[in-house]
Amino acid sequence: MEKMPKWADVVLIPLISLLLAAILSALVILAIGENPVEAVNLMVTGALGSTYGWGYTLYYATNFMFTGLAVAVAFHARLFNIGGEGQAMLGGLGVAMVCLYVDWPHWSIALLAACAASMLFGAAWAAIPAYLQAKRGSHIVITTIMFNFIAAAFLNYMLVNIMRPQGSQDPATARFPETVHLPTFQSMFSTADNVLFRGAPANITFFIALLACVAVWALIWRTRLGYEIRAYGHSETGAVYAGISPVRITIVAMLISGALAGLMAINNVMGEAERLVLNSTEGAGFIGIAVALMGRSHPFGVFLAALLFGFLYQGGAELALWASIPRELIVVIQALVILFTGALDNMVRMPLEKLFMALRKESA
Amino acid sequence: MSDLWGLSWPRTNYNKREYEMTLMKSLMGAAAAIALTAGAAMAEPALIFDLGGKFDKSFNEAAHNGASRWAEETGGSYREIEIQSEAQREQALRRFAEAGANPIITMGFGMADPLSAVAGDYPDTKFVAVDVNWLDIPNIRQIGFAEHEGSYLVGMMAAMASESGTVGFIGGMDIPLIRHFGCGYAQGAKAVNPEIEVVANMTGTTPAAWNDPVKGSELTKAQISQGADVIYAAAGGTGVGVLQTAADEGILSIGVDSNQNHLHPGKVLTSMLKRVDVAVYDAMKAGDGLETGVFQMGLAEEGVGYALDDNNAPLVSDDMKGAVDKARQDIIDGNISVVSYYENDSCPALQF
Chain A
1 MEKMPKWADV VLIPLISLLL AAILSALVIL AIGENPVEAV NLMVTGALGS TYGWGYTLYY
61 ATNFMFTGLA VAVAFHARLF NIGGEGQAML GGLGVAMVCL YVDWPHWSIA LLAACAASML
121 FGAAWAAIPA YLQAKRGSHI VITTIMFNFI AAAFLNYMLV NIMRPQGSQD PATARFPETV
181 HLPTFQSMFS TADNVLFRGA PANITFFIAL LACVAVWALI WRTRLGYEIR AYGHSETGAV
241 YAGISPVRIT IVAMLISGAL AGLMAINNVM GEAERLVLNS TEGAGFIGIA VALMGRSHPF
301 GVFLAALLFG FLYQGGAELA LWASIPRELI VVIQALVILF TGALDNMVRM PLEKLFMALR
361 KESA
Chain B
1001 MSDLWGLSWP RTNYNKREYE MTLMKSLMGA AAAIALTAGA AMAEPALIFD LGGKFDKSFN
1061 EAAHNGASRW AEETGGSYRE IEIQSEAQRE QALRRFAEAG ANPIITMGFG MADPLSAVAG
1121 DYPDTKFVAV DVNWLDIPNI RQIGFAEHEG SYLVGMMAAM ASESGTVGFI GGMDIPLIRH
1181 FGCGYAQGAK AVNPEIEVVA NMTGTTPAAW NDPVKGSELT KAQISQGADV IYAAAGGTGV
1241 GVLQTAADEG ILSIGVDSNQ NHLHPGKVLT SMLKRVDVAV YDAMKAGDGL ETGVFQMGLA
1301 EEGVGYALDD NNAPLVSDDM KGAVDKARQD IIDGNISVVS YYENDSCPAL QF
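Here the protein sequences come in this chain order: A and B. For the first sequence, the working numbering assigns the number 1 to the initial residue and increments by one for each residue that follows. For the second sequence, the working numbering assigns the number 1001 to the initial residue and increments by one for each residue that follows.
Honestly, I wouldn't trust all of these hints.
[As the list claims (entries may be wrong)] Chain A regions said to be covered by chain B (calculated; three or more residues, Cβ under 8 Å): (1) 140-154; (2) 158-167; (3) 266-276; (4) 309-318.
[Stated by the list, open to error] Not the full set, but computed from the structure, chain B residues with beta-carbon under 7 Å of chain A: (5) Q1084; (6) S1085; (7) A1087; (8) W1134; (9) I1175; (10) P1176; (11) L1177; (12) T1206.
Read the hints as simulated data drawn from the structure, not as lab findings. Think of the CB as a built atom: it goes at the ideal place given N, C-alpha and C, for glycine as much as any other residue.
Make the full structure from the sequences, and use the hints.
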């Protein structure tokens, strides 16, 4: 028998965790002598109060959806892919090469090519740790995290020595040509006398992220491969008994995971910056872990968690712009959310389960 | 820290002096005071710190010091933000420009590209870009520092102070700006002693490299084991670890950006000064009347130089001082030319 209804597991636990995180954050804000109500107000209006705020919130959320999905797919095979950061960096390199070195007639064709390149580069970067895990037993957590540093060093080398335009002292590529600029929400939704999403970086990639959510859902729950991935994740010995090859599943799951992480680059590199900078991923790969944890590795959960983190990022930026709350505190608030939703799950779950058990006994 | 967090809303830096001034103004007459504060509010400058953050003990902190000095002296107030992500560069520029801030001062080469996208949309706003000098936009004051010339001088001093014939260089990340520092340093050292060995290391490949004193300490020990007895750190907060370990191990170190001689008196040979604080102070002081264009701050403009104070006076012999001052004059006069790494993206004295 289930210990508590499914809705409680999916909705109630994250909600209570969030509430606890919010209360603690409010206490911290109080402790430094600021008004938490005003701070929350500023965050909410700044992130959700205008199409401009939404434009930033959705931009960040798009990044986190890709990296969250990447981590989630690997989770289903019980592989902990911490290398989303490096895979997204390499994805960015792929996007930059496609956009800079090929003359595209139209952005839509360039977008398809950039998607393919980013997935290819991301997957390639995940392939080596996957192979080492599958064939040599090198722990994927260690190898993927080391590969993040190798990716950073590689990107640094490429940008400083090869792709940097002559005369610029900024270690970044040149701007991509006008033809490969993706349509932003501003150009998609604004009318002549009503400008929406002004200057915000959200772009068409958001819809690709939604498609990716649906595709991952279909893959994990509606295909044979997804079944194999889940079976392998639940029990390796059981999977082997059923004729599922651990080597194949490990490598395939990591390739998909790396491809999804790499795909993030079409949002931040092609959509927002329109060039490749050294610090393009800025931690989105790691936030993806929190997003996947919070979203219970389900694409819809990942979508909601990515929105929440997008809100925290944009709200935090507004807080930094207009309030005197130091940016370190904004990191504290983000960390509290991760701590409560990811790491302290049982703290909320256990009392809640007891409560539901008690209620059930009474009604029985 | 109360002065840091006890700020009013929205973020504006007031201080005691301004408070006293406002008091005085209200005594002098409310109408005059309103006119004065209204004028000040229209031209409130804004300062955008780079990702390293305001208190990085180095580049950004120098800007903070310059801005605080301006606020203290004039009683003015300014807006500021420490950006946290790449997407916020353009966001902060636009938000400040739309809020009427003028001039808007930005830190670091990373702002060059966002500025080139934004500056044209706000032709009446003046922007200041520190560490950028390659844009062609009329309403930007671009300030480039001749770090290679200052580094050349401290490189000469390092070579003269070295007994082992090996000197060290520890950079933050392997980017053109840091190679530019290292290249000037190596040229200066080789000008004194052509046989000298220059050991160069970079701290890391991620932005964390700018604030990793432990790694700085490890690299210092590694360079000491290779024979280095003077080490120059151009690595932001990481340099704190370099200077500390050099002092602990009994060798000399060279600070960067700000005067860091006081950190370990008698153990820091000198510091390569990069007067970001002066650049920010001057820009804020000029306010609306700020001159735009490209400004090169070299030895002649005293934008860069070496630090000499009570803390390092015993380490700098008269010979050393004479030679360095002569070289300084020769560089200004054009008799010595220090090759900039930027010219051909290569360095004659050091391989990276």
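Handout entry: Enumerated hints in conflict with the structure, sorted upward
Key = As far as the earlier hints go, not one is violated by this structure.
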